[in-house]
Amino acid sequence: MAGFTVLTVSQIGTYLKSVFDGDKKLQGIYVKGEILDLRDNYSSGHIYFTLKEGGASLRAVMFQSYAARMRFRLSDGMAVIVRGDVSFYSKDGSCQLYAYDAQPDGVGAKYVALEQLKEKLRAEGLFDESKKRPLPRFPMRIGVVTSASGAALQDILRVLKRRWPLAEVVLTPVTVQGETAADEIMTALRSQSKAGKADVLIVGRGGGSADDLFAFNDEGLVRAVRESAVPVISAVGHETDYTLCDLAADMRAPTPSAAAELASPDILEVRGFVDGSRSFMSSAVRRSLESRTAELSQAKTAMMRSESSILRQKHDELAHAMQLLESKSPAGIMLRGFAAVSSASGPVTSVSQLEVGGEIGLRLHDGAAKAVVREITGDLNDEKKRQ
Amino acid sequence: MMKKNGNETSQTFETSISRLEEIVRKLDDPDLTLDESLALYEEGVRLANSCRDTLDKAEQKLSVLDDADDR
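Residue numbers (the numbering used here), protein chains in the order written: chain A, 1 to 387; chain B, 1 to 71.
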C-alpha cells in the first residue's frame with residue numbers, strides 16, 4: 001500500500017448512504033415481514049418499527065406525511081408488505097427502510113400487482129391529463145354501461161330525466177362484480193364505441209367494498225376506456241382510492257348520479273338561454289335601429305350647420321363687393337380731389353366740348369361751383385409725348 | 001352559415017345552439033349594418049324557435065344496445 005488514507009466516521013457514513021441510494025435494487029421495493037417494536041412519535045407523527053421475518057430484521061421509519069395517508073393502523077405483530085427505500089442512517093450507523101406505504105399481507109399481493117399495473121399504465125401515458133377529452137355540451141345520446149338491475153342505472157335515469165330528457169339513454173347491461181365483470185364491461189365499452197351511437201359514455205356502479213370494485217382495475221377494461229371513440233365518465237362508487245378506470249377516464253365522478261349531472265346540461269338553463277336570446281336579439285335590433293335614427297338626425301343638423309355657414313360666407317362676400325363698389329362711386333372719387341365737369345348740354349368728358357369764355361359747372365364731393373373757361377389746351381397726353 | 005333551405009331539421013341541437021350563441025355575440029357588434037343585424041335577427045329567431053320546440057318535446061327514452069353483434 002502506498003499510504004494510509006484516514007477517513008472520518010462522517011465520511012464513511014456519507015459514502016455508505018450514497019452507495020445505498022445509488023442502488024436501484026434498494027429503491028421503491030416491497031418488503032414483507034412482521035411488525036415489532038412499533039413506536040409512534042406523537043409530536044412528530046413519524047412511526048418507527050422493526051420488520052422481522054425468519055431470522056432477519058430491518059429497522060424502518062415512516063415519516064409523518066406518509067403515516068397520515070395510511071388507511072389502517074400499523075400494530076405490533078401485524079404481517080405487512082411495506083413499500084419504501086432502504087438507505088443508510090449515519091447517525092445510528094445502521095441501515096433502515098424508509099417506508100412510504102404499507103398493506104396488510106394477504107391482500108398485499110393483489111395490492112402490489114395493482115400498484116405495478118398502475119405504474120405501467122401511467123408510464124404509457126394512459127392517465128395523462130392531456131389525453132382527457134372535453135365532454136359534449138348537449139349530448140343527444142348517453143351510453144351507459146352498468147348493471148340493468150342496479151341502483152346506479154335508476155340514479156342515472158332519474159337525474160337525466162330531470163336535467164336533460166332530450167338525451168336517449170343507450171344501455172349496455174353488464175355484471176359489475178365477480179369473475180366475468182371486467183370482461184363484460186370491457187366488451188360493452190368496445191361495442192358502445194363501435195356502435196357510435198352515444199355522444200358520451202358513463203361506466204360505473206354504486207358503492208361497494210374495495211373487493212367489489214376490483215373489476216374496475218382490470219387492464220383490458222382500462223385500455224377500453226382510453227380507446228373509446230367518445231369521452232368516458234367513470235363513476236365507480238368509492239370514497240378514497242381511485243380505481244384505474246377512474247384514472248383513465250376522461251372525467252371521474254364520485255357517484256353514478258354525479259356522473260349523470262356531469263354528462264348533461266340543465267334544461268332549465270338551456271331554455272333560459274334560448275328564451276333570453278330572443279329578447280336580447282329584439283333589443284339588439286331595436287338598438288341598431290335607434291342608433292341609425294340618431295345618425296340620420298345628426299347628419300341633418302350637420303347639413304343645416306354647413307348650409308348656414310355658406311350663407312355667412314356669401315354675406316361677407318357681398319359686403320366686400322359693396323365696399324368695393326362704394327370706393328368706385330363718383331362720390332368716392334371726388335373725396336380724393338376730383339371734380340365732375342358739366343356744361344349746359346350735360347357732363348363734359350372731352351375738351352372738345354368746351355369753348356373759351358364758356359360757363360361750366362363743377363361738382364365736388366361737398367358742393368358745386370360755376371366757372372368760366374379761359375384757355376383750352378389739347379390732349380394732355382399728346383403734350384407729354386411731344387415734350 | 002346555413003341559409004334557409006329547409007334542412008334545418010337535420011341540424012343537431014348543438015349546432016343550432018352554437019349558432020344562436022354566435023348570433024347573440026355578433027348582434028352586440030356596434031359596427032353591424034342595419035341590414036346585417038336584421039338578417040341575423042331573422043336567423044336567430046328561427047333557431048330559437050326550433051330549439052325551444054326541441055326542448056318542449058323532449059321525453060326521456062331508454063334503449064338497450066346489445067353487444068351480441070360484437071362477438
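Everything labelled a hint here was simulated from the structure, so no lab data went into it. Even for Gly, the Cβ is constructed at its ideal location relative to N, Cα and C. Possibly wrong hints are sitting among the right ones.
Said to hold, decoys possible - Reference listing, derived: stretches of chain A covered by chain B, where coverage requires no fewer than 3 residues with Cβ under 8 Å from a Cβ of chain B:
#1 44-57
#2 166-180
#3 259-271
#4 289-298
#5 351-358
What the hints assert, rightly or not - In silico contact screen, one side only, chain A against chain B (beta carbon under 8 Å); selected entries:
#6 Phe4
#7 Val6
#8 Leu7
#9 Tyr89
#10 Ser277
#11 Arg278
A quick look at each hint next to the structure:
1. 44-57: violated (count 0)
2. 166-180: n = 8 at 8 Å, threshold three: holds.
3. 259-271: Check passed, 3 qualifying residues.
4. 289-298: holds (count 3)
5. 351-358: violated (count 0)
6. Phe4: violated (77 Å)
7. Val6: violated (75 Å)
8. Leu7: violated (69 Å)
9. Tyr89: violated (57 Å)
10. Ser277: Check passed: Cβ of A:Ser277 comes within 5 Å of chain B, closer than 8 Å.
11. Arg278: holds (5 Å)
Checked against the numbered hints given earlier, this structure breaks hints 1, 5, 6, 7, 8 and 9; the rest are met.
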